[in-house]
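Peer 1: Here is what each chain is made of, one letter per residue.
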Amino acid sequence: MDTKKYVIKQISIFSENRPGRLASVAQALGEEKINILAFSIAEANGFGVIRALVDQPEKAYKKLSSLGYNAAFTDVIAVQMKDQPGGLFEIAKVLGDAGINIEYSYAYSGKKAAVLILRVDQVDDAIEKILSSGATLLEHSVFH
Amino acid sequence: MQFWDPRIEELPKADLQKMQYKLLKSLVCRLYSFSPFYHDRMKEQKVHPDDIKELSDVTKLPFMFKRDLRDSYPNKIFTATQEELVRYHVSSGTTGKPTVVGYTQKDLDNWTTSLARGFTAIGLGRGDVIQDSYGYGLFTGGLGVHYGAERIGATVLPTSVGNTERQIELMQDLEVTAIACTPSYLLHIGEVAEKMGIDIKKDTRLKTGILGAEPWTEGMRTRMEKWLGIRAYDIYGTSELSGPMFTECTEQNGFHVWSDIALVEVIDPKTGEQLEPGEKGDLTLTMLQKEALPMIRYRIGDISSIDEDVCPCGRTSPRIKRIQGRVDDMLIIRGINVFPSQVEYTLMSIPEVGQHFQIVVERTGALDDMLVRVELTKESFSDKITDLMQIQQKVEHRLRNALNVAVDVELVEPGSLPRFEGKSKKVIDKRSL
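Residue numbers (this note's numbering), protein chains in the order written: chain A, 1 to 144; chain B, 1001 to 1433.
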């Protein structure tokens, strides 16, 4: 099965945990006319990681690297959920039953549907299991 | 193995010591008679030139400290007249009031000879192009290395510090084979070259680094040698001795301190007692031939130890080990002595963090808190917080083991810690003690 079309390139950026860092990243992306489709911040002691799905990941990577940011790509997948009570449960159950461990995740609720972004250990394996359970995965062309 | 001055460099130890005794005796007699400063000091210490009957009697002589030079600003203890002086240098004064050093022609000759021996010992000579990226001017580094390099017949490129991109272009265009600068400036050059798309290892002919004027570590040496494809040699000196003065040889195991130029001791900073070879303490030098500004038992304040064994390279003069830090740079954290060099040494063995670091010491209540900020390397960035926290904890753990004191570690963005072109200031002590 061709799982590639479901693999989405997320850009991850290392950032010190101090005022103005997010603004600086966002400004850089804005200047390059890069649109952010989803994002989250994970924080730890003194530092954080900004994770974002953008419409032009390569351009974003180039821009941020040129500014000295420590940036990298991570493969994630996006599962469509029903935007109604119980929507998350339905998907979370599929993942749990399939034995897929989530390393981290974040979600957004858009015009068409709610979407859960997942970073998992075995991406290909997870894609197959999710699809065979009947759930819908978004293709990367939806984002970029 | 090449020698500049084989007669002196390979002289048997017993003969070296006889020569040192003669030089010391004549120095003490001269200063007792002609220098009011040394005359008074010796009187206070109740020692007369007649008491110096053998080399070990050096311990009867009074010490001299940096403060003696500051107190005598600008030239009160010179033992040459202004007409006899051919040059002044003035120290940077990073630790207090500046000090002035004067040189007679013979002082400059001895300085240059000392470096000519050292540069020869690391394999440099005719045909080499030496880029001198130490500061030229009042600082001794630029001119000192300049004359030493010319003396061995090398071609000198006197770039001084700064305008790094131009330095890299010239390094390529003029086929530079050796560079003399501070280790932190060479790191900076390496980083700037990478940004310019130049690989020092492949795109230049650089093969030797002569690095000094600030303490560095074996870990840093290994890293720079691998990264830049060079052999990195340490060079040691202070303006009071003349300037950069003594280098390692190709064995890379300690500076050769030429016995006809200096008598070296290591002193316990607390008791003032002379320590045995191998024991760490305050490096103390007697300059046996200096004319304009003599130095007897000058307590430099750098921590080192002496190795009296004949070097495998065949040179017989004692070696002093890599400088471990400053007596006065030593941080006392919760009662434990911590040297920034220990932090550096530990970090060099952890590939996930870069070469640069900053120590911040604060006092919360009655306790000292030590924070070490390190740059996460590009290769080790993971977008999983747990991976990053593991790196942070690994660094904290290694530092705690090395220093015997709890340390907080902060991961910072690459390139965000300050870079220094001269002596780097890596410690911020916010305690008001």
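Heads up, a few of these hints could be off.
Claimed, not checked - Listed next, the in silico EDC-like pairs over lysine to aspartate or glutamate satisfying Cα-Cα at most 20 Å (straight line):
| hint | chain 1 | residue 1 | chain 2 | residue 2 |
| --- | --- | --- | --- | --- |
| 1 | A | Lys-62 | B | Glu-1291 |
| 2 | B | Lys-1378 | A | Asp-97 |
| 3 | B | Lys-1097 | B | Asp-1302 |
| 4 | B | Lys-1394 | A | Glu-16 |
| 5 | B | Lys-1053 | B | Asp-1260 |
| 6 | B | Lys-1025 | B | Glu-1191 |
Keep in mind that the hints were calculated from the coordinates and are not lab data.
Predicted model, so just to flag it, every value in this text is computed and none were measured.
Peer 1: A separate judgement is required for each hint: does it hold in the structure or not?
Peer 2: Status of the hints after comparison with the structure:
1. Distance hint between Lys-62 of chain A and Glu-1291 of chain B is unfulfilled; the C-alpha atoms sit about 60 Å from each other, more than 20 Å.
2. A hinted pair counts as satisfied when its Cα atoms are at most 20 Å apart, and Lys-1378 of chain B with Asp-97 of chain A does not qualify at roughly 37 Å.
3. Between Lys-1097 of chain B and Asp-1302 of chain B, the direct Cα distance comes to roughly 19 Å. Compliance with the 20 Å bound is thereby established for this hinted pair.
4. Distance hint between Lys-1394 of chain B and Glu-16 of chain A is fulfilled; the C-alpha atoms sit about 19 Å from each other, no more than 20 Å.
5. For the hint pairing Lys-1053 of chain B with Asp-1260 of chain B, the CA-to-CA distance comes to about 18 Å; that is within 20 Å, so the pair holds.
6. Note on Lys-1025 of chain B and Glu-1191 of chain B: the hinted pairing is violated, with a Cα-Cα distance of about 51 Å set against a maximum of 20 Å.
The structure fails hints 1, 2 and 6 (numbered hints given earlier, in ascending order).
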